[in-house]
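Just so you know, the sequences run in chain order A and B. Each step along the first sequence adds one to the number in the working numbering, with nothing skipped, and position 56 is 62. Each step along the second sequence adds one to the number in the working numbering, with nothing skipped, and position 313 is 921.
Incorrect hints may appear among the rest.
Quick list of simulated restraints, FRET-style, between CB atoms [to be verified]:
{"#": "1", "chain 1": "B", "residue 1": "R865", "chain 2": "A", "residue 2": "P397", "range": "21 to 31 Å"}
{"#": "2", "chain 1": "A", "residue 1": "N100", "chain 2": "B", "residue 2": "I735", "range": "16 to 26 Å"}
{"#": "3", "chain 1": "A", "residue 1": "R337", "chain 2": "B", "residue 2": "K716", "range": "16 to 26 Å"}
Partial list, computed: chain B residues near chain A (C-beta under 8 Å) [unchecked claim]:
{"#": "4", "residue": "G762"}
{"#": "5", "residue": "R792"}
{"#": "6", "residue": "N800"}
{"#": "7", "residue": "A803"}
Read the hints as simulated data drawn from the structure, not as lab findings. The beta carbon of each residue, even a glycine, is placed where N, CA and C say it ideally should be.
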Amino acid sequence: MSEILLELRAITKTYPGVTALNGVSLGVRKGEVVGLIGENGAGKSTLMKILGGVVSPTSGSIVIDGVPHAAMSVRQAAQAGIAFVHQELNLFENLDVAANVYIGREPRTGGFLNLVDNAALHRQVKPLLQRLGVDFAPGDLVENLSIAQRQMVEIAKALSMDARVIIMDEPTSSLTLTETDKLLQVIADLKAAGVSVIYISHRLGEVKACADRVVVLRDGRHVGDLAKGEIAHAAMVRLMIGRDLKSIYIPPKAGPREGGVAIEGLVTAAFPEQRVSLHVRRGEILGLAGLIGSGRTTLAQALFGIVPALSGRIALDGRPLAIRSPQDAIREGLYLIPEDRKRSGLLLDMPIAQNITLADLRRCAPAMLVDTGREGEIAEAQRRSLNIKAPSVATDAVTLSGGNQQKVVLAKWLSMRPKLIVFDEPTRGIDVGAKSEIYTLMRDLADNGVAILMISSDMEEVIGVSDRIAVMHEGRVSGFLERPDFSEHNVLTLAVGHAAREEAAAHA
Amino acid sequence: MLKKELGLLLLILAVGAITGAINPQFLSQVNLMNLANQIGLFGLISIGVGLVIITGGIELSVGSMFALLGIVFLDLLINHEIAWPIALGLTVLGGTALGTVHGLLVTKLKMQPFVVTLCGLLLYRGIARWYTADSTQGFGYGGGYETLEWLMSGRTYGVPHTFMFLVLVAVLMGVVLHRSVYGRYLFAVGKNEEAARYSGIPTKAVITAAYMIAGTLAGLSSVFFVFYTQSVSPSAHGNFYELYAIAAAVLGGCSLRGGEGSIVGIVLGTVLLQVLQNLVNMLGIPSSLNFAVMGAVILLGVLADQQLQRRRQLKLARAGAEARSLARAESAGAAA
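Work the whole structure out from these sequences, hints included.
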């Protein structure tokens, strides 16, 4: 057993009225990858903030190289070699890679002029990038990099600070499958070089793939440790939620019905040379898989009138629709639950009630004046039926957890008459319990005759929830899968465009 | 929500009481009615500019609009001898048209509101000065508009009509902003334009309408101001008035980031600004310090407000943590 670099002993953190952490202990050895899992609100973030010196524990101690500390400052944490790769990346998009890596620690030149020594800066950053095997240069602007590349910049930054422990918080939530594999490879390299990693993720498959040990938190308590050999999906889920999760597929009550939304030869500005055709039937959940950037979100936006389609036809129950704006789509009962709920789905600083009634305000506004009593009733009814956990509908949306925020976005549409609902990454950043509630809701909607199009990058979700899967690759649908053919391998093959290439070869 | 406005009201009363104690003339009917007249004149345009600020935009051109539209109004009424209802109507519509152009440039051509209205400020002032060759325009010996003069600058039971008109517009706009569907959309667009668009709100129309309302109120105000100053000197008329309006809106709780503000707040902001101006005269402070007093008070006011906001945020965060722990407790209960 190698030396313990870092140890948290019986850490407790209480906020007024809330115990965020209750006697949590955690040790990290040199060159070890520790998976840290737990539902949202389990205390992972607080624990990591304590490690980073952002938050002081109420009691307990932090032992670094055998020296106990009651609390750490951000500076001490950095000196101890603790670095973060954040869920929301903290990079300056307007600066280049090198400047970001050494931000605040730039090599200087020019004496009292205090100029940045750009040549030295690039010289220092280059070997770090080589070590990570990335495909961009120190002089590239961060705004031109993909999310995966930006993450590598963050990791390079950590390495430049001689980090011994790198904490990664949901690093793959916006990565494609290949990018995820690349990241896991980098983690393996870091581990081989003696760098420890604390890997926080909701994606249990990745945790299983990279962790030497898994630590599970629930409700601020340390509820279990899994050694390498014991790391298995079911065991992790059981510890996280304290119960076994049933298989997530809920079969439809009846088969898909006639009608639904047919898209024919749709062309968008993002992929002007590709034509997309697909049909979502009423009563079915059509999963839309594909790599990030394969055109799934653009398709959803075209369907909802956010970005106008260049050509092609959209028909509802055989009747052609002209959709040029979200208003047109909403009038026809075509709704979108957007990918980024904080940016496009919610008015965070406004009460839940106002969020819920926003799309259909006229209904509680006879004579164009809002009847707040009626608004409250409509919102309250939705809050109950969707089990939104909040003190009241007058609470601001910003105070809710991710799962409950998503339910508010959903509630906005459910009080109207949906024909088709497009869910774009419906459970991103949402904890396991709320996830299954959302899946149940989707199935209920489908059983009531709504057509559901679910865009998802989460393989477990695509395979577990869909009745049928359409896979996109570079702006077109590369294939459809029926339930018996569902497998990670089949989806992936279509997502990287293999099937199509074989077809082309067969034609040639 | 109303705490902010209440605080502002208390501040106004405190400032008023102190000024009144030092110089009882402050509370004389003559002074109060003059004050009411000023509040009426500046309040109208503050409401318009406040609406634009709630969308997250800004309107810098109202001072220049007063000059240009004032000139247009006098030209129509005196030089072209057009009947006053038509002259009044055309002037107000002129304001509406300018506001609409601003709104369309901002929404359709995606220009920044600051740039659009800054160019308006320069353009309208320049056109006004060129059209009149920089000479002051007045009513001269014209006649036939006595009714309008009474409406615009008269008093009833000693109360200036400008003030009455402000109350009328404030009540109307208060209902529009705080009760109507349009008002709700305005706040939604100001808070998060993208989420508003994803909810099917015609965001461009909502924003354009705000500039249109501001332009209309500016058109109306310019007629009030012509009757107040009795003449328009194109290089000085209305100078800095856009800043009075912005200051009143910000003092009244409008956030320049958009999505926040109230009509009561904007009106109280105007009241405070005018009380401060009046106080400078009443307390014998050199009138050259006028702007300095205003600047200092706004700075302190916004600073104090920010401190209060931070406390509110802390409380919110705590409520959020409680809500989440409640949710956790419930889901744990469901699991058990």
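To see whether the hints hold, each was checked on the structure:
1. Separation of B/R865 from A/P397 is about 27 Å and conforms to the stated range, judged on CB atoms against 21 to 31 Å.
2. For the pair A/N100 and B/I735, the beta carbons lie near 39 Å from each other, so the given range of 16 to 26 Å is not met.
3. For the pair A/R337 and B/K716, the supplied restraint of 16 to 26 Å holds, since their beta-carbon distance comes to about 22 Å.
4. Violation of the interface hint for B/G762 is found here, the shortest Cβ-Cβ separation to chain A being roughly 33 Å, above the 8 Å cut-off.
5. At a threshold of 8 Å, the smallest CB-CB gap from B/R792 to chain A is about 6 Å, leaving the interface hint in force.
6. Of the supplied interface hints, the one on B/N800 holds, with its beta-carbon coming within about 5 Å of a beta-carbon of chain A, less than 8 Å.
7. Hint status for B/A803 relative to chain A: holds, with the closest Cβ pair at about 5 Å, below 8 Å.
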